[in-house]
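Top line first, the protein sequences correspond to chains F and H. Heads up: the first sequence begins at 0 in numbering that gives the first Met the number 0, then just goes up one per residue. Heads up: the second sequence begins at 0 in numbering that gives the first Met the number 0, then just goes up one per residue.
The set of hints was computed from the structure by calculation and includes no laboratory data. All of these numbers come straight from a predicted model, not from anything done at the bench. There's no promise every hint is true.
Claimed, not checked - So the derived list for chain F, only partly shown, Cβ under 10 Å to chain H, looks like this:
hint : residue
1    : VAL71
2    : LYS97
3    : LEU117
4    : TYR180
5    : PRO484
6    : PRO487
7    : ARG489
Claimed, not checked - Here are the computed lysine-lysine pairs in the BS3-like style, where the Cα-Cα straight-line distance is at most 30 Å:
hint : chain 1 : residue 1 : chain 2 : residue 2
8    : F       : LYS538    : H       : LYS75
9    : F       : LYS97     : F       : LYS139
10   : H       : LYS161    : H       : LYS75
11   : H       : LYS376    : H       : LYS320
12   : H       : LYS249    : H       : LYS284
13   : F       : LYS107    : H       : LYS75
14   : F       : LYS548    : F       : LYS107
15   : F       : LYS102    : H       : LYS307
16   : H       : LYS307    : F       : LYS107
17   : H       : LYS307    : H       : LYS318
18   : F       : LYS431    : F       : LYS386
19   : F       : LYS386    : F       : LYS107
20   : F       : LYS102    : F       : LYS548
21   : H       : LYS75     : F       : LYS139
22   : H       : LYS318    : H       : LYS249
23   : F       : LYS386    : H       : LYS284
24   : F       : LYS97     : F       : LYS548
25   : H       : LYS75     : H       : LYS284
26   : F       : LYS431    : H       : LYS311
27   : H       : LYS318    : H       : LYS75
28   : H       : LYS249    : F       : LYS359
29   : H       : LYS524    : H       : LYS318
30   : H       : LYS376    : H       : LYS307
31   : H       : LYS75     : H       : LYS146
32   : H       : LYS146    : F       : LYS538
33   : F       : LYS107    : F       : LYS97
34   : H       : LYS161    : F       : LYS139
35   : F       : LYS424    : F       : LYS464
36   : H       : LYS320    : H       : LYS146
37   : H       : LYS307    : H       : LYS320
38   : H       : LYS524    : F       : LYS107
39   : H       : LYS249    : F       : LYS107
40   : H       : LYS524    : F       : LYS431
The C-beta atom is built at its ideal place from N, Cα and C for all residues, glycine as well.
Listed below, chain by chain, are the residues.
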Amino acid sequence: MSNPSTPRHRAVVVPSTPATSNRLAASTVQASPHYSTTRRHSLYGTEDRIILDPGSRVWKAGFSGEGRPRDVFFVSGSEQSTLWTQSRAAGGPEGEEKERTLKILLQKRLRNVFHQCLLTDPKSRKVIIVEHPLLPIYIKEMMAEILFENLQIPSLSFASSHLLALFAVGRMTGLVLDCGYLQSTALPIFSSRPLFPQLRTTPLAGSRFTSHLRALLLLFGTYVAPATSGAANVPSTSRSMRVPEEVLSDGVMEQIKTQCCFVGSAIESDEDESGEGDRAETPTAGDDSMEMDVPPSEFSESQLGSDIVDTPSSPPSSHLSGPSSFSVVTGTQSQGPRSSRHGASTREGHLQAIAEMYSKHSTATELRLRVDPPASQPQQAGATPIKGTLIIPGWIRERAAEVLFEGGDVDESSVAEVILDSLLKVPVDLRKLLASSILVVGGTPMLPGFIPRLHSELVRLLTHKVPPRKESPQGSPRRPPPFDPYAPLRQLAPFIAILNNPSPPPPSPEIQTSNAGKAPAFTPACLPWVGGSLAGAMKIGGVEVAREKWDEAALDEEEDNLNESTHGIDAGTAKRPKFSLPDWTRSSLPIGAPPAPRPPRPEAAAPQTAVGA
Amino acid sequence: MSATIKYYCSCLSNTVVPPAPHLPSSSHSFHTLPELYFCEECDAVRCNECVSIEVSGYYCPNCLFEVPSASVRAEKNRCARNCFFCPQCFNTLAVVPSDPPDGTSFHQANSMGEPPFLLYCNNCRWDSAEAGITFEKSTGLAQQLQKHEDSAPDSLEFERLKDFFEPLLRASSSNTQHAPGTSSHSTHTNPITAAASSALARDIPGVSKYHPPPPRSRQKSKHGSKDDMPTYRSRVEIGGINGYGAGGEKDADLFSRLEHPSQVSTLAQKWTGSWSVSPLSRDLKPIRIPLHSRLTKRCPSCRHILIKPEQKAQSVRFKIKLVAANYLPAIEVHLPQPTASTRRVPGARTTQDADQSNSSRSSLLPGKSYPFRLGLKNPLYDPIQVRLVVQRQPLPAVPSAGEASTEKSRRPPFAISLPSTAFSIAPYAEAWEYEDEDDLDGLDDDDGLSPVKAAKGRSKTVGVLEKKANTTIVGGEIVIAKDGRGDAKFNMLVSYTYRSDEPPVDEMIGSKRATDLVKTNPETKTFTFYTVVDLGTIIPKEDARTASPDAY
């Protein structure tokens, strides 16, 4: 019994204790007076930090130096699926109210992290927040306020999630795509420095995938109502119907996403058609894309005309919004009961086209999922609820995620395009390096087959045949050459490598050592957290804000307010805090750039010096 | 529960005055009385959202074993004994012996059973042999599993990453060229020198550069060294995983051939794992039960202890327990509702309605007035004088229903009348100590209130209705406007005056006579707190006519 336990102790204790014990002893001397009053010794060294990865939907929390988070949980209440959205509520009483609610919810969750998940005393715990680069600053400030004032943590630091994810795979340079719930963000990082100006983002992410999946299920799924005792002998065919919206609750959608969905390989009957497939999936085939992308859309209409017969018949106004005509509708409204009515005909026509094409290209099996029947259906009182059955066609399971790979829209580039867009922005001499170390993190890439598909999508975008040039002089001489946004990157196609690609392409003769698939087998969703844990264990958690500093700033602000109110200056304008949390958007401009016309903030510059360790 | 009352804790806002009750966020500032604490030093109500919490002990909720804090960390807040959750259904697992080899259950050699022990779920009939886990002994299962966990790939990989980064960091933090021999040529780990050197090494177009023969591989290695990092070699590369779980084409293939969704584990079953493991639910491992903690709660401002539990996990007592219920009068609201109760169909429909959010609350009709009763119970050993004031509400700028704000909705949707003078509540005492004269006191006070009743022209609707032991019941009335809508919720300020520590007898008589409050009497203290009273929902006129017949 003792034998197996000995190596454990060595493994666990040795790396951490020698480093922390001295600090612990040192810190107890100057710790708060409260410490001497509590008899109980702290379990963890003060250098053990709490790593919190707060997503809009899922939070991960744990201690630094551990390989996995202690707890992962859905953060949202029942009323909304995400804690915050991309748009901050506008001012006015309604906006204030929304923000107040958000703050209360944040406080509850943060307290929950310490008291229910980690069972630890926040007053002696330093915290590292794994921060998405596009996390709104007001949310950051809210979190900091709660952590410092309500939970009274000793120090707080923010670390970029993309950078931490790179750490977790043992690198400091790479192009990281974080495909989360609200958005997918690609950020190149060189030598542990995030190149924030080159950040590119797209709303094609988990939330869009969910709404698309829901729209598909509503149209093409089948719901078999539970057999009631009175009508037990009714055959199941007569009980089956269209899927009622209530059946597809958030929980059921989550279950379908994790247990049923996967990403099939690209539809490849031949290379050109696969390109067409993507075009035809989107109604971009309509007029508005003509100027931008002429030859492919012509192609698609001629070749796949049978597939998209329904689409042209729909009113042309629907094409104004391009591919988002269906996805935006589903994205914003599928939570509410109105989604199926508004613009239903257009959307259905488009979805029919999708269905026809996808079902041809899918071999996945049809699945039956037990779901709770909608509440509106008559149910006998007192009886145990009988579950209905949701039949999910195989092609939906396989092809619902196609929505993430549909490109062609300027505002909503596909997840592959967003990587290439970012690469285009990157300095030329870094492109190859970054293209060969792409890292994909986030919850959506947990879909089986996502990463290999992304790789093939990237390669396809860079290698698909440029339409032959000879057409243009023949048809109309003033026609510009076909627009190929990624022409400068085409040479990089053989070098594209995704670090955590679980099925790396076979090594090509050109490149001896490819990075593809060389990352450790951490799951994409946990990579930022693991990186945070690593950074915490090595004490490089980014700029640290100590509580004293926060308290000082709060005091200063109070004094200022007092002074200003005595001087009769409007309190509303004087509200701006002089102290601000470190954030990349506030970093000082590089030397040589013209001076910004904003007033200098001396305090803000101080914590910026040691970014990224 | 038709009408509810909740008590306000001011921790979420900067002001003492509670937010308007129609705001949805206000619901988080109000709590039921049993949830609240009371700090004697600060003389203030504290709630669970503002008290600072310390852990005073850990225990396993399953075996109630009190876990010494030394092992809490090593065991990652999990029970280190025999307590496991079923990975499929999160039920508690039981340890069972395996079947005897001859297959008949009667031939058990000893009472302990046969050596390969299994964890078995009584709910879903999962057993650990499915996951390939058996135990030699029936005790200390966690320790037997420990060796699997120690060699967990994620922690090994994590240590490896740490070992990889640490020399790099040390080198860069010392800010010198690091010791020779650590790595071949990547000497500048300091990002600044790295950036500088890479800038120098950049190709300049037009300037021929020295290239050893295979240019591609040379370029490659140059690029590899651009960020001046030795390459990290993973212990387990994700591309090299043979089984399922990495999320590659193999998994996609598995998913495409799936027969039933339950073959794949759910999100909750696997998402704390940071390592790529098989998505199949049959490969799930039993979960050690997470520990619970006993909490000490302190006042956030003066740090006095409000709650201190006893050490023993089995004990449900507290060493220190300063709960608000011992300080503030407990208030109950009752809204007699003849109209709505007759409309409601009793039986199964009601229970179904209760699932929907608002239907459990009583519904009020516009243009009517409803009497309601507030029962106040005195927890103190002294009599208290209570005064109730309804907080004037700011008119909702945006009506809660989201309608266009016409001048109609600018009017308050309802009006509340409450007894405006103070009334007394007898002290708390053991049941046998009460005497009949308490009732007489109550009658005396009623006389003082009679003008209010007279003004109302109504008998016994508003005012003190009943006094019994340490409870006083007062009546109030809500008049709902003709076009009222929304919730009939209002904030009520309760202030009560009690005698501070040394009450002389003559003072007591004096205060009984006096309807006046504190200021005249230096020996008394007043405590005020806010509550929100929720009487129910006002059914708007048009809805009441159309919607209610089919709703009920």
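Checked hints:
1. VAL71: VAL71 (chain F) check passes; min Cβ-Cβ to chain H is 5 Å, inside 10 Å.
2. LYS97: OK, holds: LYS97 (chain F) within 10 Å of chain H, min 8 Å.
3. LEU117: holds, 7 Å
4. TYR180: violated, 13 Å
5. PRO484: violated, 24 Å
6. PRO487: violated, 15 Å
7. ARG489: violated, 17 Å
8. F:LYS538 with H:LYS75: holds, 21 Å
9. F:LYS97 with F:LYS139: holds, 16 Å
10. H:LYS161 with H:LYS75: Holds. LYS161 (chain H) to LYS75 (chain H) sits at ~20 Å (cutoff 30 Å).
11. H:LYS376 with H:LYS320: holds, 20 Å
12. H:LYS249 with H:LYS284: holds, 22 Å
13. F:LYS107 with H:LYS75: Holds, because 23 Å separates the two Cα atoms, which is no more than 30 Å.
14. F:LYS548 with F:LYS107: holds, 24 Å
15. F:LYS102 with H:LYS307: holds, 29 Å
16. H:LYS307 with F:LYS107: holds, 22 Å
17. H:LYS307 with H:LYS318: With Cα atoms ~5 Å apart, LYS307 (chain H) and LYS318 (chain H) stay inside 30 Å; holds.
18. F:LYS431 with F:LYS386: Not satisfied, since the Cα-Cα distance of roughly 53 Å exceeds 30 Å.
19. F:LYS386 with F:LYS107: violated, 34 Å
20. F:LYS102 with F:LYS548: This hinted pair holds, its Cα atoms lying about 22 Å apart.
21. H:LYS75 with F:LYS139: Measuring from Cα to Cα gives roughly 28 Å; hence the hint holds.
22. H:LYS318 with H:LYS249: violated, 58 Å
23. F:LYS386 with H:LYS284: Holds, because 28 Å separates the two Cα atoms, which is no more than 30 Å.
24. F:LYS97 with F:LYS548: holds, 29 Å
25. H:LYS75 with H:LYS284: holds, 16 Å
26. F:LYS431 with H:LYS311: Distance ~63 Å between LYS431 (chain F) and LYS311 (chain H) Cα, so the pair is violated.
27. H:LYS318 with H:LYS75: Since the Cα atoms of LYS318 (chain H) and LYS75 (chain H) sit roughly 28 Å apart, the hinted pair holds (cutoff 30 Å).
28. H:LYS249 with F:LYS359: Satisfied, since the Cα-Cα distance of roughly 21 Å is no more than 30 Å.
29. H:LYS524 with H:LYS318: holds, 28 Å
30. H:LYS376 with H:LYS307: The given pair, whose Cα atoms are some 26 Å apart, holds under the 30 Å limit.
31. H:LYS75 with H:LYS146: holds, 15 Å
32. H:LYS146 with F:LYS538: Answer holds: LYS146 (chain H) to LYS538 (chain F) is near 29 Å, not above 30 Å.
33. F:LYS107 with F:LYS97: holds, 15 Å
34. H:LYS161 with F:LYS139: holds, 28 Å
35. F:LYS424 with F:LYS464: holds, 23 Å
36. H:LYS320 with H:LYS146: This hinted pair is violated, its Cα atoms lying about 43 Å apart.
37. H:LYS307 with H:LYS320: holds, 7 Å
38. H:LYS524 with F:LYS107: violated, 34 Å
39. H:LYS249 with F:LYS107: violated, 41 Å
40. H:LYS524 with F:LYS431: The given pair, whose Cα atoms are some 77 Å apart, is violated under the 30 Å limit.
The earlier numbered hints that this structure contradicts are 4, 5, 6, 7, 18, 19, 22, 26, 36, 38, 39 and 40.
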